[in-house]
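A.B. asks: Sequence order for the protein chains is W and L. Mind the numbering: the first sequence is residues 1 to 84 in this note's numbering, read in order. Mind the numbering: the second sequence is residues 1 to 149 in this note's numbering, read in order.
What the hints contain is simulated information worked out from the structure, not anything from laboratory work. The structure displayed is predicted, hence computed values, not measured ones. Glycine is no exception: its CB is placed at the ideal position from the N, C-alpha and C atoms. Be aware that a few hints might be false.
Mimicking DSSO-like on lysine-lysine, the simulated pairs with C-alpha atoms at most 30 Å apart in a straight line are [unchecked claim]:
no.: 1; chain 1: L; residue 1: 148; chain 2: L; residue 2: 137
no.: 2; chain 1: W; residue 1: 3; chain 2: L; residue 2: 57
no.: 3; chain 1: L; residue 1: 132; chain 2: W; residue 2: 55
no.: 4; chain 1: L; residue 1: 144; chain 2: L; residue 2: 132
no.: 5; chain 1: W; residue 1: 20; chain 2: L; residue 2: 132
no.: 6; chain 1: L; residue 1: 148; chain 2: W; residue 2: 20
no.: 7; chain 1: W; residue 1: 55; chain 2: L; residue 2: 144
no.: 8; chain 1: L; residue 1: 148; chain 2: W; residue 2: 55
no.: 9; chain 1: L; residue 1: 69; chain 2: W; residue 2: 55
no.: 10; chain 1: W; residue 1: 20; chain 2: L; residue 2: 57
no.: 11; chain 1: L; residue 1: 69; chain 2: L; residue 2: 137
no.: 12; chain 1: L; residue 1: 148; chain 2: L; residue 2: 57
no.: 13; chain 1: L; residue 1: 57; chain 2: W; residue 2: 73
no.: 14; chain 1: W; residue 1: 28; chain 2: L; residue 2: 132
no.: 15; chain 1: L; residue 1: 69; chain 2: L; residue 2: 57
no.: 16; chain 1: L; residue 1: 137; chain 2: W; residue 2: 55
no.: 17; chain 1: L; residue 1: 57; chain 2: L; residue 2: 137
no.: 18; chain 1: L; residue 1: 137; chain 2: W; residue 2: 20
no.: 19; chain 1: W; residue 1: 55; chain 2: L; residue 2: 57
no.: 20; chain 1: W; residue 1: 73; chain 2: L; residue 2: 124
no.: 21; chain 1: W; residue 1: 55; chain 2: L; residue 2: 124
Anything over 10 Å on all C-beta distances counts as not near chain L; from chain W, calculated [said to hold, decoys possible]:
no.: 22; residue: 4
no.: 23; residue: 21
no.: 24; residue: 22
no.: 25; residue: 42
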Amino acid sequence: MIKLDVVYFAWVRERIGLAKEQVETEAKTINDLVAELSAREERYQLAFQDMSVVKVAIDQTLVSLDAPLDGAKEVAFFPPMTGG
Amino acid sequence: MAVRVQAEDFDLGDEVSKLTDGNTDIGAIVTFVGVVRDTTNGALLSMELEHYPAMTKQALETIDQAAAKRWSLNASMIIHRYGDLAPGAQIMMVATASPHRKDAFEAAEFLMDYLKTDAPFWKKENFKDGAKWVGSKAADEDAKDRWKA
Chain W
1 MIKLDVVYFA WVRERIGLAK EQVETEAKTI NDLVAELSAR EERYQLAFQD
51 MSVVKVAIDQ TLVSLDAPLD GAKEVAFFPP MTGG
Chain L
1 MAVRVQAEDF DLGDEVSKLT DGNTDIGAIV TFVGVVRDTT NGALLSMELE
51 HYPAMTKQAL ETIDQAAAKR WSLNASMIIH RYGDLAPGAQ IMMVATASPH
101 RKDAFEAAEF LMDYLKTDAP FWKKENFKDG AKWVGSKAAD EDAKDRWKA
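Bound-form chain W, shown alone (with noise of 0.2 Å):
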């Protein structure tokens, strides 16, 4: 069991309607993070459900979706970038 901060940007954090929260989870990696939000509450599933349109970051730096979470502190969702 890992303890992690969990933090969301724009729709992702309208949709599951909180900016940060803390997780305790057995996941492995991101994919297994998001599979195991998503079956606790619906609202995760609604922000998951097209993980195409969603980008992760684990300590700030982007990472795939089958990166690893050893060792990870933050995990960040949120959609495609659009600043500038």
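Knowing the structure of chain W, use the given hints to seat chain L on it.
C.D. replies: The following block gives chain L in isolation, referenced to the frame of chain W:
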């Protein structure tokens, strides 16, 4: 090489003066300013810029350093605002200073292309009758990919 993330507005002229600051090796300066555009003929109330504070500065610095490695630059700068911005407001700027115009132009385009896809900012348009998140464009990814050749 400088990066700033701020709520406040900026003055392009002041920033360029600070950037060049008496450096007489500079032969070319290119600047770009992004502005809140209303495409709806007056229905846009504001554009909300959200960002990921813990990640933003580092992401912009990575982009800025990549440009400095690739082109001959005397100086470069990225300023990006966050918060609620009115139509017509300045959102962000990049400036590049180089001995030669080609480097200054290309580096400025490179900074913009990477910033669009790699810097953690999100835009939400607030209209009189609701709000909408601005979608990302496949064209932005394509624009970035041309630098990978």
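A.B. asks: The structure should be examined with respect to each hint, and the outcome stated for every one.
C.D. replies: So, going through the hints one by one against the coordinates:
no.	hint	in the structure
1	148/L - 137/L	holds (18 Å)
2	3/W - 57/L	holds (26 Å)
3	132/L - 55/W	holds (19 Å)
4	144/L - 132/L	holds (25 Å)
5	20/W - 132/L	holds (22 Å)
6	148/L - 20/W	violated (35 Å)
7	55/W - 144/L	holds (17 Å)
8	148/L - 55/W	holds (21 Å)
9	69/L - 55/W	holds (27 Å)
10	20/W - 57/L	holds (20 Å)
11	69/L - 137/L	holds (27 Å)
12	148/L - 57/L	holds (23 Å)
13	57/L - 73/W	holds (19 Å)
14	28/W - 132/L	violated (34 Å)
15	69/L - 57/L	holds (18 Å)
16	137/L - 55/W	holds (14 Å)
17	57/L - 137/L	holds (23 Å)
18	137/L - 20/W	holds (27 Å)
19	55/W - 57/L	holds (18 Å)
20	73/W - 124/L	holds (28 Å)
21	55/W - 124/L	holds (17 Å)
22	4	holds (14 Å)
23	21	holds (15 Å)
24	22	holds (16 Å)
25	42	holds (20 Å)
When held up to the earlier numbered hints, the structure conflicts with 6 and 14 and fits the remainder.
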